[in-house]
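> Residue strings, one per chain:
Protein chains: 4
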Amino acid sequence: MNMHELMDDKLHEECGVFGIYNTEHIDVAPYIYYGLTSLQHRGQESAGIAVCDTGGPAGNITWHKGMGLVSEVFHQERLSSLKGNLGIGHVRYSTTGSSCIENAQPMVGTYSKGTLALAHNGNITNAEKLKKELMDCGTIFHSTSDTEVVYYLIARERSHTDSVENAIKTAVTKLKGGYALVVISPQKLIGVRDPLGLKPLCLGKSASGYVLASESCALTAIGATFIRDIAPGEIITITGNGYSSNYCTVQHTPAHCIFEYIYFARLDSHMDGIPIYDAREKAGRLLAKAYPIDADIVSGVPDSGLTAAMGYAKESGIPYSPVFQKNSYIGRTFIKPTQEERESAVRLKLSVLDSVVAGKRIILIDDSIVRGTTMASLIRLLKNAGAKEVHVRISSPPFLYPCYYGTDVPTGRELIAHEHSPEEICNRIGADSLGYLKLNDLSEMVDGLPICKACFDGNYPQSPY
Amino acid sequence: MNMHELMDDKLHEECGVFGIYNTEHIDVAPYIYYGLTSLQHRGQESAGIAVCDTGGPAGNITWHKGMGLVSEVFHQERLSSLKGNLGIGHVRYSTTGSSCIENAQPMVGTYSKGTLALAHNGNITNAEKLKKELMDCGTIFHSTSDTEVVYYLIARERSHTDSVENAIKTAVTKLKGGYALVVISPQKLIGVRDPLGLKPLCLGKSASGYVLASESCALTAIGATFIRDIAPGEIITITGNGYSSNYCTVQHTPAHCIFEYIYFARLDSHMDGIPIYDAREKAGRLLAKAYPIDADIVSGVPDSGLTAAMGYAKESGIPYSPVFQKNSYIGRTFIKPTQEERESAVRLKLSVLDSVVAGKRIILIDDSIVRGTTMASLIRLLKNAGAKEVHVRISSPPFLYPCYYGTDVPTGRELIAHEHSPEEICNRIGADSLGYLKLNDLSEMVDGLPICKACFDGNYPQSPY
Amino acid sequence: MNMHELMDDKLHEECGVFGIYNTEHIDVAPYIYYGLTSLQHRGQESAGIAVCDTGGPAGNITWHKGMGLVSEVFHQERLSSLKGNLGIGHVRYSTTGSSCIENAQPMVGTYSKGTLALAHNGNITNAEKLKKELMDCGTIFHSTSDTEVVYYLIARERSHTDSVENAIKTAVTKLKGGYALVVISPQKLIGVRDPLGLKPLCLGKSASGYVLASESCALTAIGATFIRDIAPGEIITITGNGYSSNYCTVQHTPAHCIFEYIYFARLDSHMDGIPIYDAREKAGRLLAKAYPIDADIVSGVPDSGLTAAMGYAKESGIPYSPVFQKNSYIGRTFIKPTQEERESAVRLKLSVLDSVVAGKRIILIDDSIVRGTTMASLIRLLKNAGAKEVHVRISSPPFLYPCYYGTDVPTGRELIAHEHSPEEICNRIGADSLGYLKLNDLSEMVDGLPICKACFDGNYPQSPY
Amino acid sequence: MNMHELMDDKLHEECGVFGIYNTEHIDVAPYIYYGLTSLQHRGQESAGIAVCDTGGPAGNITWHKGMGLVSEVFHQERLSSLKGNLGIGHVRYSTTGSSCIENAQPMVGTYSKGTLALAHNGNITNAEKLKKELMDCGTIFHSTSDTEVVYYLIARERSHTDSVENAIKTAVTKLKGGYALVVISPQKLIGVRDPLGLKPLCLGKSASGYVLASESCALTAIGATFIRDIAPGEIITITGNGYSSNYCTVQHTPAHCIFEYIYFARLDSHMDGIPIYDAREKAGRLLAKAYPIDADIVSGVPDSGLTAAMGYAKESGIPYSPVFQKNSYIGRTFIKPTQEERESAVRLKLSVLDSVVAGKRIILIDDSIVRGTTMASLIRLLKNAGAKEVHVRISSPPFLYPCYYGTDVPTGRELIAHEHSPEEICNRIGADSLGYLKLNDLSEMVDGLPICKACFDGNYPQSPY
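Protein chains in written order, with my numbering: chain S, 1043 to 1507; chain B, 1043 to 1507; chain C, 1043 to 1507; chain X, 1043 to 1507.
Everything labelled a hint here was simulated from the structure, so no lab data went into it.
Hints are not guaranteed to be accurate.
Pairs count within a copy or across copies, as identical chains cannot be separated in the list.
Below, in silico cross-link-like pairs of lysine-lysine (DSSO-like), each with a Cα-Cα straight-line distance of 30 Å or less [unchecked claim]:
#1 LYS1171 to LYS1247
#2 LYS1173 to LYS1125
#3 LYS1480 to LYS1378
#4 LYS1247 to LYS1402
#5 LYS1368 to LYS1230
#6 LYS1230 to LYS1430
#7 LYS1125 to LYS1378
#8 LYS1368 to LYS1247
#9 LYS1402 to LYS1425
#10 LYS1480 to LYS1425
Chain S with its partners taken away, still in its complex shape (with noise of 0.2 Å):
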């Protein structure tokens, strides 16, 4: 639960995926759920694991999957109830409308080679399309979602195909689009990353066997060790035996996705060779260098903005100081206030360090502004404890196009920069400045790592159908 859901401000990104094979038989349940936990800032709507005994009756595959967070969802007797040595696991955050239970994952089935589960992260932005071309060929859809075209393509291949990898690799030319898919097969798991490498999906080493997960930060849950990132468009096979590697026939330029340095992923994870602290701490050095400014103190908005800021106190010299108490028992229960009452919203979520405030010039940092509502009732919170001026620092460009790729953009009217120059919006929220990062910086930002950045610049990296 974090702030954002509270003020519904932030960008959302789509899900998260976890897999796991252990060789010496012992049930992985239990590290896909603590593997999801670790992956909970990536979907909060719905959860679900899917396992199987590789020693066991061929393609028995048992699952379970609801509403809510992982520790809704999964009780120690259910968890308990999930026996096998291989598994994977999905979180999910969705965007409004087709919140339900029959978009949960992982999808499982059975079909003329055996049976099938899989978890997908990621948007096909070719879906409506593939859909309706399986449709022609007879299939039946039974959710919204683009996991289940994903599925039925890679089954359907299947079925004349002599291994699930060639099937996965034929399957995949036709899509469009960022995906991490992680398979059942159910004596392998597979995992299989989009050839521009828009989503992340990486590969580490347990005590007895290896695990994939969307982030580092799940394999480091489990006290598994980082082995490196799959490539883009790699499909990786893990038996018994060890892991070997396929690779797609379509070939891009990698092009990941920005946001995962700039707000999706933890704190704490790798991504592609970049550690996400060090990205977000050059963000805030290099606003610090585009635009200085005289102040007392630097600090940042909770947790978003926090680690910019310390990248900007080191930069400029000016000390690093908390400005904002967080309230974190404000979970998805918890009655907010009325549409009108916004600022109250705020203020139950983040309150004023006053004695810190008072009198003081402050520089505050924040990762983006999305409705620009929530950043004004925190500069009149901090004006109201006595704060004399507050410089604000974005760390990373306007939003101004939207994202193909899963990650929920408002449109329009709903989006500040979409409407107004950073001098109007400078005024609208009450600051007394505003910069920024230049849309140039973010390339450093990441150590020259190719990036898709087309949310900031429209270039979108390959066509979306």
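Starting from the known structure of chain S, arrange chains B, C and X on it as the hints suggest.
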């Protein structure tokens, strides 16, 4: 939910109280709900609200209480059914064994002079003796909490006393220990603070009325402004005409609980004139003076050690940096790894920012060491991530004595400081050096405020019986 | 769940009580569970069990109570946690407004002489007066039930009396009304029946101990054998050594509630020497003698009129046949059709066996008519299915007077007999003829047993104050 | 809830279906709710409703399904969210192992020609073969129920067929077994009955539209009038313009399931021209002719034996009387006595009316004997209560063969008739005599209707594959 619940390695406070009187006959239940949510860190076991309408039928108090967090006990419908412009609320932490709905508060009843509702934070040290006396006079008890003792003392006194304030004045002369009471009487809201001032209680002004709360952060949460702390031994009465005060006849040198400043109170509260943030930051500065060491970064254990770490960093000039990422999705229903796997539990809750830590000499601050097991795990995690040295600094002296006033200090062997010298502790936790805040520095930490620090030095401000 | 809950057109009783002492230290909670399930028809609003171990620490009573059916309040785990060889239980029906957990029973408390648990079926007609007296002596009340009055009277008396039996003996002299009490004291199980014998209570022998219950059906349910009814005014004490009796000093001519025989008690119970089945069957025979009519079949409204219909059929020689099928899946959470659609509600609950009914002249028996709306609907359903005539016979006289002893007779206008003559009622419900059991026949129905029939004739056996 | 669930000693049917089309665009979900409640005796494991608005966006089907009774799965809010004038519903019983939400119905999906919802009562005997064929063509299965097979057969056929009726017509030629289907298509409501007429389905007229239901009692429940049974092999289509019929090309001599008449159907239903009440009463009469005996009373086991007992009494002239009182509060959450205590379980559910039984020679009727344990307990209870003789009559022949059409007949050793002759059974259950309905009388019981009585004689109407 904070990390200590997972690790079971922190001290616990017992309760938070809240009271409000609105002169414009607006329903106060939502304000109590928000106030209690801001006091949730003081108790997560049960929550309750009692309200009455000062313009309605005399003494018609309605209430609801239940086990769990405020947001679990109260749903919208429930909250809407609590009608009235005068109300009190309570959140409770409890020691093992007494966790049951019978002990939840507020306590509500009917007696010869009408109805009375009462909520209580604290510990009556002579409760067993008073209970026996009351039973000898025919009183029947339905719970094991000392709140019932306080309630019956006041109600019995009230039967032959002209006003509830005078009944309280007489009743509290019998009470030993620390307590903060809020009472609906039912045309008045009354607040009482023990003569030692052990337990906190403060007064605020809301848009149309007055508010009482255990901490000032609950005033801020509902947009009320802080007026002042209730004085030790003060009985404050709030009616439609404002507020007035009475005083207990028993007088003591005040002895405010030092642990509110060290750990219990929320960072943004002020208590008896001292901003909690400032006290904790000063503790860090005092530690830096007492135990300087050459290092690369200063950091704190989230969230309890962060503020003292800021102070240590400023005083020493060594840069502050976070070294741990906290997983905030580990709630009460989380399935913990088994006891043998304590380190796994720590790792799920806190994970190392390895790019920050590698090759560094770290000064790590926390507010206290209870069992020492968590600190040992954290140091191991840091060293595994490449930390060259870990120097531990604790922003309070070692616990050596039991607390009779409501703080749940573990006994004897569980308490590492009870069995081992600081040198031995340093060894056992694997630190490179260890320094505890000096006993003499506690007073400076709170600018000379008169304090109870019996858990550190055994000097109790009052005989318990 | 019976049809009357849906149709809200029957009288309600208030409670059932159960007590058991096992001399071989076997846990009694499961027996109480089964006993209460057999008394569930007496109350469906709340259920509770209190137990103690006579060999354990003195006075350690554990209990649980909750809203709902016995099977909803007690799950296996909950039941297993209630350890002890001595226990009492309670099921409660309640009048509107007082439906809350505070009023659930048993009531458990601690007082100067130890602990006491009490459960109560009945109505204390002078409860308000007694409550005022107790409050004047300093007693505080936490509920609105008269059980608390009885409890405090006994507990206060016990403080200065040598035994709990003597305390009860003195306390009950103050009570007016009807009551059956079961008390844990805590080495003894005590049962008390009011001097009028208004409320039922009986004694049974189980494999290793004794049992008290509101009705003999609860003895049968657990395999215990019926010994005898508790006498009016008797105080029975059960210990490890067997049972013994005391008697209230107040004496009255007994006046057993006639409505137990007409409707409340379960068909397989015996009460004060009369099998309930026999009484109801005889009521049917008496109706046949008083109101003979030529017809094709005799039938009853399920389930309340079935037994009298058997009696009418035998006496008249007209064959008995069911005419309605009952839907037994209409429980408490069932969404009822709106008020305007009363007939739909009736139709969902009872549907006509049309092949039986078509072309037939039917005598339809029920135990009573409260509002008349349900009976009108049933007659319409029968006629729509082709019944040529419907003659209604009611196995009790018309209600004309309120009951002060716990039966919830609706007031004035809601009661069809209060506003209309039998002829008018016959017309309003659309019957071809209507006959009520004659007042004089009530005595013969129960073989001359002394009864209270005040709801029919206004002759109350005792002043209520 | 009936007694057999407690005693686990009755056969189980699998499902009930309901469909409704309202031409005036009134929401049908409440009618489906009431209809399903009237079919609840056919299945208590899961319930589901799917609706669509024929005037709304094409194919927008909304649905909800869940585990439990209709009244547990659907609350007011849930029901209100199901908007539309066309809908189907389902209640499901299931054999052990397949009790899971994935198997709940209706099944809803999207395919090339739009959307389709389907609910199904019955058993497809060649489901495994068909499933394999479908998987060979690329179909993926998500559940273990044969409903998915029927659904995919129809949907695939529909892809290249001009109308859904023609698709169904072709698809069902492949199905073996018994089935009744209701389908939303989504401008039409379609009902299908298997060519053997094994599973029931009937048509009714409601105020503004038409209704399909497994039994006529569901029509009555919502105030609809019975039109006729759907013919074996008929495909009925209901639209805004009324209804029309198609017929399967496969033709068979009808073979209606005799067990609907013996036990499954509700007493007030009519099925293929026969009132269920009349069939059961006639079974009693036939028993009286076949096995006359001198006795004092005739009675039945509630509720399954009551109607045949009426018939036996009439034919024999021996008076009918109830001998057992049923406890209707023993629901699904009831904690049953342990297995060794079967008799306790029986006693909790049924208790003897001892004043009726003492000294009497009793003829006791039930519809069937499965394991024989319950009947043995009942006879013992009656004898313990003083019955002089107990003569058992069973209104069906002994079970000897498995049912392939959805009735869950226990196998081999569990089935007492499979291992023992009637004489041995009579001895084992402790009866004074025992008579089963003669095989030849089954036909007379249903007035010569063509029936499937394979469970009694092994003559299956169709090869299962």
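> So, for every hint listed, does it hold in this structure?
Against the structure, the hints:
1. LYS1171 to LYS1247: neither (38 Å within a copy, 43 Å between copies)
2. LYS1173 to LYS1125: Result: close only across copies, 27 Å inter versus 33 Å intra.
3. LYS1480 to LYS1378: So LYS1480 and LYS1378 fail the 30 Å test inside a copy (36 Å) and across (44 Å) alike.
4. LYS1247 to LYS1402: For LYS1247 and LYS1402, only the inter-copy Cα distance (26 Å) is at most 30 Å; the intra-copy one is 49 Å.
5. LYS1368 to LYS1230: neither (44 Å within a copy, 33 Å between copies)
6. LYS1230 to LYS1430: Neither, since 61 Å and 41 Å both go past 30 Å.
7. LYS1125 to LYS1378: between (40 Å within a copy, 18 Å between copies)
8. LYS1368 to LYS1247: between (36 Å within a copy, 23 Å between copies)
9. LYS1402 to LYS1425: Answer is within; shortest intra-copy Cα gap is 10 Å, inter-copy 38 Å.
10. LYS1480 to LYS1425: For LYS1480 and LYS1425, the Cα distance is within 30 Å only inside one copy (27 Å; across copies 37 Å).
Hint compliance for this structure: hints 1, 3, 5, 6 are broken, all remaining hints hold.
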